[in-house]
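Protein sequences appear in the order of chains A and B.
Each number in my numbering comes from the position in the first sequence (counting from 1) with 1 added on.
Each number in my numbering comes from the position in the second sequence (counting from 1) with 145 added on.
If you are wondering where the hints come from, they were derived from the structure by calculation, not from laboratory data.
Among the clues, some could well be false.
[Stated by the list, open to error] Dumping the calculated DSBU-like pairs for lysine-lysine here, alpha-carbon to alpha-carbon at most 35 Å:
hint, chain 1, residue 1, chain 2, residue 2
1, A, Lys40, A, Lys104
2, B, Lys188, A, Lys43
3, B, Lys220, A, Lys104
4, A, Lys46, B, Lys188
5, A, Lys43, A, Lys104
6, A, Lys43, B, Lys220
7, A, Lys43, A, Lys108
8, A, Lys40, B, Lys244
9, B, Lys244, A, Lys43
10, B, Lys188, A, Lys40
11, B, Lys244, B, Lys188
12, A, Lys46, A, Lys108
13, B, Lys220, B, Lys244
14, A, Lys40, A, Lys108
15, B, Lys188, A, Lys108
16, B, Lys244, A, Lys46
17, B, Lys220, A, Lys46
18, B, Lys188, B, Lys220
19, B, Lys188, A, Lys104
20, B, Lys220, A, Lys108
21, A, Lys104, A, Lys46
[As the list claims (entries may be wrong)] Partial list, derived from the structure: chain A residues whose beta carbon lies under 7 Å from chain B:
hint, residue
22, Phe84
23, Ala85
24, Tyr88
[What the hints assert, rightly or not] To be clear about the criterion: a stretch of chain B counts as covered by chain A if any three or more of its residues have a C-beta under 8 Å from a C-beta of chain A, and this derived list gives those stretches:
hint, segment
25, 152-161
26, 167-179
27, 223-231
Note that the structure is a prediction, hence the values are computed from the model and not measured.
Idealized CB from N, CA, C, for every residue including glycine.
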Amino acid sequence: DIQMTQSPSTLSASVGDRVTITCRASQSISSWLAWYQQKPGKAPKFLIYQASSLESGVPSRFSGSGSGTEFTLTISSLQPDDFATYYCQQYNSYPLTFGGGTKVEIK
Amino acid sequence: EVQLVESGGGLVQPGGSLRLSCVASEFTVSSTYMGWVRQAPGKGLEWVSVFYTGGTTNYADSVMGRFTISRDISKNTLYLQMSSLRVEDTAVYYCAKTKRSGTSVFDIWGQGTMVTVSS
Chain A
2 DIQMTQSPST LSASVGDRVT ITCRASQSIS SWLAWYQQKP GKAPKFLIYQ
52 ASSLESGVPS RFSGSGSGTE FTLTISSLQP DDFATYYCQQ YNSYPLTFGG
102 GTKVEIK
Chain B
146 EVQLVESGGG LVQPGGSLRL SCVASEFTVS STYMGWVRQA PGKGLEWVSV
196 FYTGGTTNYA DSVMGRFTIS RDISKNTLYL QMSSLRVEDT AVYYCAKTKR
246 SGTSVFDIWG QGTMVTVSS
């Protein structure tokens with residue numbers, strides 16, 4: 002199975018900050034990586050696929066990059082609605098696996 | 146609006162069974178991959194199972210042989226039959242559709258249904 006490791010596990014930031022979350026795969030997954038946002042008590046929301054393609058309707062302050070084993074999710078200017086937990090997911094092969102999550106908290 | 150609505154969760158004793166349902170709206174469950182993802186209390190996301198468009202299925206090792214995924218096209222519904230339930234199966238279970246057949250990213254999720262396995 003492909004292991005996905007996110008860092009940091011928790012991130013404290015202020016509105017307007019640039020935020021970067023890292024996701025590492027235990028083996029190459031090409032660009033088969035997605036990002037999701039989850040708020041407490043809610044289902045995950047799909048943000049990015051194929052490492053850098055923004056899903057329709059997702060604000061342009063979100064961006065993704067990377068390939069192979071190292072990937073990043075960047076929020077260019079953190080907004081109040083962005084405080085949430087973020088998960089990466091590889092879909093290079095089954096079983097599908099998710100990172101452990103990064104909680105973005107208010108500083 | 147494309148939507149998924151799960152039902153069927155509840156409290157069950159270890160060793161028991163439960164069937165989850167997921168009704169789809171504004172798209173057909175046969176048009177794309179459909180899956181189940183779960184989240185134990187306070188934990189991260191764990192993929193459980195997928196139903197491919199061709200009719201084949203796949204399961205996480207942790208549920209293989211105990212859970213069965215199926216679909217009823219006439220009812221536009223996905224199911225997850227869970228048996229021999231364990232305490233560690235306690236989680237919110239989400240139904241989700243993939244963005245398109247052939248790519249396993251989940252673009253639409255249901256609201257989730259809670260399954261609690263406890264004596």
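Report task. Against the earlier hints, flag every one the structure doesn't satisfy and list their numbers going up. Result -> 3, 20, 22, 23, 25, 26 and 27
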